[in-house]
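A.B. asks: Residue-level listing of the chains:
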Amino acid sequence: MATNIQLPRLTRPEPRGIGWSLLLTLPIFIWSLLMLFRPGMDTDLKSRIAATITTIFMTVLFFMMMRTGSTYRWRRIFFVSVGVLFPVGFIYNIVLARGTMGIPLEEMIAGRTPFCFMPIPMLILPAALTKTLIFPGTIASTNHGIAPMVGMWLALTLVLGKGWCSYACFFGGIEEGVAAIPARARIRKLDPRWRYGPWAVLLAMVLLSLALFEPAYCMWLCPFKAVSEYVTARNTIGLVQNGIFVLLFAGLVIALPFLTKKRTQCSFFCPFGAFQSIFNKISAFEIKIDKGRCKPCLLCQNACPNLSLSKESIARGETLMSCMKCGACVDACPRQAVVWHIKGTEAACKPERARLMFLYAAWAMAVMFGGTIIYGGVATILHFIA
Amino acid sequence: MAVSVHFGEALALGLASGPACIAACGPVVVPSLLTERAGLRPHARYLSVFLGARLAGYLLFAAVAWEIGALVSLPPGPRVLLMGAVNVLLAGVLIWYAWSARSLCGSSCVGSQLVNIGEKKNRRAAGPAALGLLTGLSLCPPFVAAGVRAAELGSVAQALLFFFFFFIGTSVWFMPFISFGCIARNEAVITVARMAMALIALYYISLGIAMLIGRKAYGY
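Quick mapping for you: the protein sequence lines, in order, are chains V and G. For the first sequence, position 287 matches number 287 in my numbering, and the numbering has no gaps at all. For the second sequence, position 136 matches number 136 in my numbering, and the numbering has no gaps at all.
Fair warning: there could be bad hints in the mix.
[As the list claims (entries may be wrong)] Which residues of chain G face chain V? A few of them, derived with a C-beta cut under 10 Å, are: (1) Pro27; (2) Tyr203; (3) Ile205.
[Stated by the list, open to error] To spell it out: a stretch of chain V is covered by chain G in this simulated footprint if at least three of its residues, at any positions, have a beta carbon under 8 Å from a beta carbon of chain G; those stretches are: (4) 194 to 201; (5) 253 to 264; (6) 299 to 313.
[To be verified] Beyond 10 Å from chain V on every Cβ pair, some chain G residues (computed): (7) Ile22; (8) Pro42; (9) Leu59; (10) Gly77; (11) Trp96; (12) Ala145; (13) Gly154; (14) Ser155; (15) Phe165; (16) Phe174.
In short, the hints are calculated from the structure, not lab data. Glycine included, every Cβ here is placed at the ideal spot set by N, Cα and C.
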């Protein structure tokens, strides 16, 4: 997998003019205002400051994407911020409401468990066979309810495919941040067969969820229980479950990303990521490799945080179906051979236009979803420091 | 007349309980089927052996439970021990299965004694038979429901026949699994199936050990 190529200085496309970049950023600025100052948001001073900071943050990042023509590094700043600030706001609210990060059994029986998108693939078969939702949450509540979350996920996924994992997931940012810390990878050789891991976890968890009639991934394997919430440990089994969460988090989200500079939890474990890969097939946006321009130097393969490029796929001029559309490979290519592409159009046909269309859709979602999370985290921090 | 009504009831109970049987056996059947050779015939053969062994497990348990008078309600102690042992054994077979499939490559490779993939002369029925027998003994909810009804019948022979017709009803739901034979086999499918089997085995073994040493599950 890994290659020991001396990385050359990357040539960047010419920067766009400031006026043109501002004009392209204007819709995102207006969208941010609409999302973060909408009716129903808190109106106290600290909340207003948090909303203002978030609006500026999201707008400036998009402006820099427009100005520099680079996507990945600006997106990464946003994504890492979401990953870091999500636990801040979420844990604060959970502790405020319950006094603990643990979900008492009574809360689960009462259907008050906040729903996240992870168990969505595990709900389908039990719902189809028995007309029962196996997640102990509320269906229609606007506060982490199942129906709003599934509806939002479906709409965004149909447009962006696995772009969800780079612009909406509020877990992946932590490992992307950790992976960015070391200057170089300590572990470079990764067996490509580990790429099948997410599919195996998906298959096992879907089948076990159907057999046990509970979201097995949430009960046993979710690394992010360590930084969100978990089943209250009342006996040895509960302790084992929580021990698994902490170990998986320490290994897949902290240690391995640090050693490999890859998003190892997303690449080797996340069942939701595997599920999202299916939707890459119907999403209009994709990354293509212009075989006429490609050398191939494999810089794109090295840059991919998700092992979604192989020599074979590069030779075919495409990414693997696990591509998260983060833009790292596009930015890394010194010959501009890796390009954004809209299905149904000719390869390398106006790639910047395809990039813009994708980024408008992705960043609108990022503001709505991640922006709200950043706002919540900033508001929580302001609450503590002021 | 009354006897045929009983057996019709068993058949209907089996048909109605089919989705629950699929759910209970799915973690065992699906990944192990995915390590089979592609093609409808190998899958039909696998399912025949698996279901036959599952029937044997049903009948064996029913006969023993009838003899000791425990068909309606097996006491909690022995029930937990039985299920714990079955879970540990299932985990062992799954791990063996996953390990045995390591050298598979597409349509025809040499498997171990337990796995029936590979050259025709090497094909074995032990794998699906072991899995079928163990799932037959695993006391899933539909099986317990059938046991309660069968216990009301007049003789052990009638109870066994009741279980047989119940089994026929549930088995109808397994037939769509034959279509898995249409899925092309390659390194990706085999590897995913093997990894999934290992994960499922880990779950079974932890649950089985917890049952055997008397720990309660899930914090209840």
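A.B. asks: Compare the structure with each hint and give your call.
C.D. replies: So, going through the hints one by one against the coordinates:
Here the hint on proline 27 of chain G is kept, as its CB sits about 4 Å from the closest CB of chain V, short of 10 Å. The beta carbon of tyrosine 203 of chain G comes within 6 Å of a beta carbon in chain V, closer than 10 Å, and the hint placing it at the interface holds. Because the closest C-beta pair between isoleucine 205 of chain G and chain V is about 12 Å apart, greater than 10 Å, the hint is violated. Requiring three or more residues with a Cβ within less than 8 Å of a Cβ of chain G, the coverage given for the region 194 to 201 of chain V holds, as 5 such residues are present.
Coverage of a stretch by a chain is defined here by at least three residues with a beta carbon nearer than 8 Å to that chain's beta carbons; for the region 253 to 264 of chain V and chain G the count is 0, and the condition is violated. For the region 299 to 313 of chain V, the assignment as covered by chain G is violated, since 0 residues bring a beta-carbon within under 8 Å of that chain's beta-carbons and 3 are needed. Non-interface call for isoleucine 22 of chain G relative to chain V: violated, since the shortest CB-CB distance, roughly 7 Å, does not exceed 10 Å. Every Cβ of chain V is farther than 10 Å from the Cβ of proline 42 of chain G; the closest lies at roughly 20 Å, confirming the non-interface assignment.
With 10 Å as the threshold on Cβ separation, the claim that leucine 59 of chain G sits away from chain V holds: the shortest Cβ distance comes to roughly 23 Å. Listed as outside the interface, glycine 77 of chain G is consistent with that label: its C-beta sits roughly 19 Å from the nearest C-beta of chain V, beyond the 10 Å cut-off. Residue placement check: tryptophan 96 of chain G keeps its beta carbon more than 10 Å from all beta carbons of chain V (closest about 17 Å). Look at alanine 145 of chain G: its CB is around 15 Å from the nearest CB on chain V, clear of 10 Å, so calling it non-interface holds up.
The beta carbon of glycine 154 of chain G sits about 34 Å from the closest Cβ of chain V, which is more than 10 Å, so the claim that it is off the interface holds. Taking the minimum C-beta to C-beta distance to chain V, about 34 Å, the non-interface status of serine 155 of chain G holds against the 10 Å cut. The non-interface label for phenylalanine 165 of chain G is consistent with chain V: the shortest C-beta to C-beta separation is roughly 22 Å, beyond 10 Å. Here phenylalanine 174 of chain G stays apart from chain V, with its beta-carbon at least about 14 Å from theirs, past the 10 Å limit.
Consistency with the previously given hints fails for numbers 3, 5, 6 and 7, ordered from lowest to highest.
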